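Going down the list, the protein sequences come from chains H and U.
Throughout the first sequence, residue numbering follows numbering that gives the first Met the number 0, covering 0 to 209 in sequence.
Throughout the second sequence, residue numbering follows numbering that gives the first Met the number 0, covering 0 to 89 in sequence.
Treat the hints as calculated values from the structure; they're not laboratory data.
Every value quoted in this text rests on a predicted model; they were computed, and no experiment measured them.
Here a beta-carbon is modelled for each residue, glycine too, at the ideal position from N, C-alpha and C.
Any given hint could be a false lead.
[To be verified] From the structure, some residues in chain H lie toward chain U, with a derived Cβ separation under 10 Å:
1) Ser25
2) Trp79
3) Val189
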Amino acid sequence: MSTIIGLFLSLFIARAEAHPVAFAGSYSIMTWNSKEMSDWMFTHSFTSNYSLTARYLRLDTKEGERTFYMPQFNYLLKRWNELDSQANIYLSASHGGEKINSSLKSVSGAALETDWESRKYYVSFREDVLIDHKNSSKNIYQTKARAGFAPYLAEFNEINSWFILQADHNNKDVKEFKLTPFIRLFYHNVLTEFGVSSKGDAQFNFMVHF
Amino acid sequence: MKKFLILISLFSISAFAGEKIDVTVKGMVCAFCSQGITKKFNEEGVKSVNVDLGKHLVSLELKDDQKLPNDKIEKILKDSGYGVEKIEIK
Chain H
0 MSTIIGLFLS
10 LFIARAEAHP
20 VAFAGSYSIM
30 TWNSKEMSDW
40 MFTHSFTSNY
50 SLTARYLRLD
60 TKEGERTFYM
70 PQFNYLLKRW
80 NELDSQANIY
90 LSASHGGEKI
100 NSSLKSVSGA
110 ALETDWESRK
120 YYVSFREDVL
130 IDHKNSSKNI
140 YQTKARAGFA
150 PYLAEFNEIN
160 SWFILQADHN
170 NKDVKEFKLT
180 PFIRLFYHNV
190 LTEFGVSSKG
200 DAQFNFMVHF
Chain U
0 MKKFLILISL
10 FSISAFAGEK
20 IDVTVKGMVC
30 AFCSQGITKK
40 FNEEGVKSVN
50 VDLGKHLVSL
60 ELKDDQKLPN
70 DKIEKILKDS
80 GYGVEKIEIK
């Protein structure tokens, strides 16, 4: 119940789709879910360069379950628009709270994300850090790399399919290193991903923007 | 007389038909991410907007008497996150 209330509140404090910043004036909801993690983000892109996210993150770590409520600022540092491809560098910064019993402890976060995609291929890299101001041994460092390809070239009004392989490392995760193959399907503004990791855990991701 | 009426009606159709514009867009590789393009042009009140990812093309049909200057088209595409290669009025 407290999780639902926290999520509800975080929506009103202030993010993302495949990209942390979408088109100007847009709203997006993104959620990543597995047995060990639940990550919800609600984002408003003010322009095509920056956005604000309300984020709820729950992680099962070696030290037990940890829950974060984080308003997050996302900035498109650089974009390369070419005729057949697009590449981006994004920066994110957040400052919020980690729920400890019934109180919130101050935490800060930062992330660097970069990607390149064409209609056929896609690669991305993201580095995340969550900083515990009082105990640096509790800092969380997460690295995520993805590569994917589309088995066919879908048009704008068709269902798009992608096969993606994700490698991620989290210093505090019960399972530190994971490889997860995903199938991604999207149609218009709704995107879903389903994968099962090398450790046997299912993951479901969902994004919509409007 | 009949031929004259046909000619008049053909002239009327072409005179009041909305302008058609083809925009070649840079970076438009993902249908999910390009949704903003159709949304933004629809908000501008165009008659129709079609996206062809393969040809990198956004095709616009304007309403009768509607005008959409090139700088406005470029701004809409920039706000959607894309660059403009070429704008052609057909």
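Quiz item: Which of the numbered hints are not met once you compare them with the structure shown?
Solution: No hint contradicted; all consistent.
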